[in-house]
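We have chain G already, so just place chain U on it with the hints.
Chains G and U, in that order, give the protein sequences. Per the working numbering, the very first residue in the first sequence carries number 1; after that it's consecutive. Per the working numbering, the very first residue in the second sequence carries number 1; after that it's consecutive.
Hints were generated in silico from the structure; no laboratory data involved. Note that the structure is a prediction, hence the values are computed from the model and not measured. Check the hints yourself; a few may be wrong.
What the hints assert, rightly or not - Covered stretches of chain G, as calculated for chain U (at least 3 residues, CB under 8 Å):
#1 155-165
#2 214-228
Stated by the list, open to error - Just a sample of chain U residues kept apart from chain G, beta carbon distances all over 10 Å, derived:
#3 Ile24
#4 Leu43
#5 Leu74
#6 Glu231
A virtual CB, placed ideally from N, CA and C, is assigned to each residue, including glycine.
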Amino acid sequence: MKSATYTPGARIRSKKRGGALSQWIVGAILTLGGVLFVLPFVWMLISSLKTEADMIRIPPSLWPHPVTFANFPKLFKGMDFAVYLKNTLIIVLFSFVGLFLNAMAGFAFGKYRFKGRASLFLLVLATMMIPSQVTMIPTYLILNSMHLMNTMAGIVLPGFANSFMIFLLRQFMTNIPDEILEATRMDGSGEFRLFLRIILPMSAPILAVQAILTFIGGWNSFLWPLIIANSDKLYTLSVGLSLLQGQHGGDYALQMAGAAFMVVPIIVIFMFFQRQIIDNYAISGVK
Amino acid sequence: MKGIRTAPYFFIAPTMLLILVFSILPIGVALVISFTNTDMAGLGDMSEIRFVGFSNYLEVLRDPTFLKSILNTLFYVVIGVPAVIMFSLAVAVLINFGKSKIFHIFRLVYYIPSVTNIVAIAVIWGYLYNPSVGLFNFLLGKLHLGPVPWLQDPVIAKLSLIMLAVWRNIGLNMIIFIAAIRSIPRDYYEAAELDGASSWRQLISITVPMLSYAIFFVSITTMIGWLQFFEEPFIMTKGGPLDSTTSVSLFIYRNGFQLSNFGYAAAGSFILFFAIMAVTIFQFKLQRKDMSI
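Looking at chain G on its own, in the form it has when it is part of the complex (with noise of 0.2 Å):
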């Protein structure tokens, strides 16, 4: 029979949890399917290690024969990946412009009351139902009109406003009471130095995970930069990697190892912040 102290959910859990066999069992299908699914990843980095040589010859070899490393210097020397790189991290920096705007509308939205409020806050989520193959050629002309073709500007603006982050940020910030608001106000503060002294510290949970959504994404970003930059001097890592790809079609060990470089600190950044990204979604509720 069951002791004084039994206390329910602890011995309970491990039964339901099944014993330690299927423990195991779980984990090495777990593995199996994992160990596939970095398989992509894994060949990646052996190959950006290879000579040319050695990528194509037939039956390919599974290790390098030699190791070399000189693959990720020619990205730079020849391949303009250093314009590329520089390009990246400044729409990068731009994208942590458009945070901080989304951050303030959030605010607005959650904090105040304001006529149109109801109606400004549903055209923001609505927008969120568009399609962007609808609005991308649009863009574009309207981009053109405005002479902003070729031009940094011309890539970042249309991603400064985001929808969904909006509505994250103003769900987390309804949270923040309103006692802290009014105290800060009674003491004779603006409203903005409210923003950035109070309301934006208050916010740094989901602040740092969308900051980090945000660097991924201006790491990541594609097809904008390849629509609006008409020279090389705008191209972005990916459009870099994706024309090494079209024009060296052959030349596999270089186009791994620019692979490579664009993977690994995406994977460095995420195996870090993991616990912050994935909770996101907890924190921002699912529901």
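Same frame as chain G, but now just chain U:
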């Protein structure tokens, strides 16, 4: 210092302006030009632009490439969406089953493809799929199975793209499912445990039904996403071979940005838009019928 009354307007002004110019205005522009013959010539000389009524729409619906792209897109959706849902649900359940912290590594592993750059992934998989020096055919060769024309055969190419896209999509939906599973109250499981239900039984009778909302949410978003299937065919096959992998989005892109048939492409994009709306509304109706039973 801004007063409280006007402050909110200042805060929302930048983003509202951007949304107006880059989300709302474009819809209007797209609608208008879909009824005209706007193309590259029309851009240079506005007087070239003529109102052509519905002829763009009629022409698009008769365009054999467009019809092919519709079939291709349906192929992608019908095969890919259930695959994504099944795999992400399965992985989520398995990961949640695990007790130790090690299982957190699996979340990372299965999610990584979702955040990595599509071009890089396409480059990697393009090499994996290479008929002569690719890893896949090499491994198949070791098992004495013939080389597969992964991206060269009209049907297999679609399946290859689907496999790639499913690999990329699992992570995101898996996370949603994990969060949803975690929110199921423990009591249900404890009660079932006391009744002697096995883990499998609990899965079928508790977990899956309680996840119906999450499954619904994931199906809608995944379906909407796959109806817009674009990057994979764009980067890996350019729609080939012979338009067998061209999706509706790729068709629109090609007509708009490569052939500069802006009006024509805009008409195509609205047809896609209506299709997405119709499918979404249909799914909502289905769900409502389900719930009320």
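Evaluation of the provided hints:
Coverage of the stretch 155-165 of chain G by chain U holds [criterion: at least 3 residues with CB-CB distance below 8 Å; count 5]. Check result for the stretch 214-228 of chain G against chain U: holds, 6 residues qualifying (beta carbon to beta carbon below 8 Å, three or more required). Non-interface status of U/Ile24 relative to chain G is broken: a Cβ of that chain comes within 10 Å, the nearest being about 7 Å off. Annotated as non-interface, U/Leu43 brings its C-beta within 10 Å of a C-beta of chain G; the closest such distance is 7 Å.
Chain G leaves U/Leu74 outside its interface by the beta-carbon criterion, the shortest separation being 16 Å against a cut-off of 10 Å. With 10 Å as the threshold on Cβ separation, the claim that U/Glu231 sits away from chain G is violated: the shortest Cβ distance comes to roughly 7 Å.
The structure fails hints 3, 4 and 6 (numbered hints given earlier, in ascending order).
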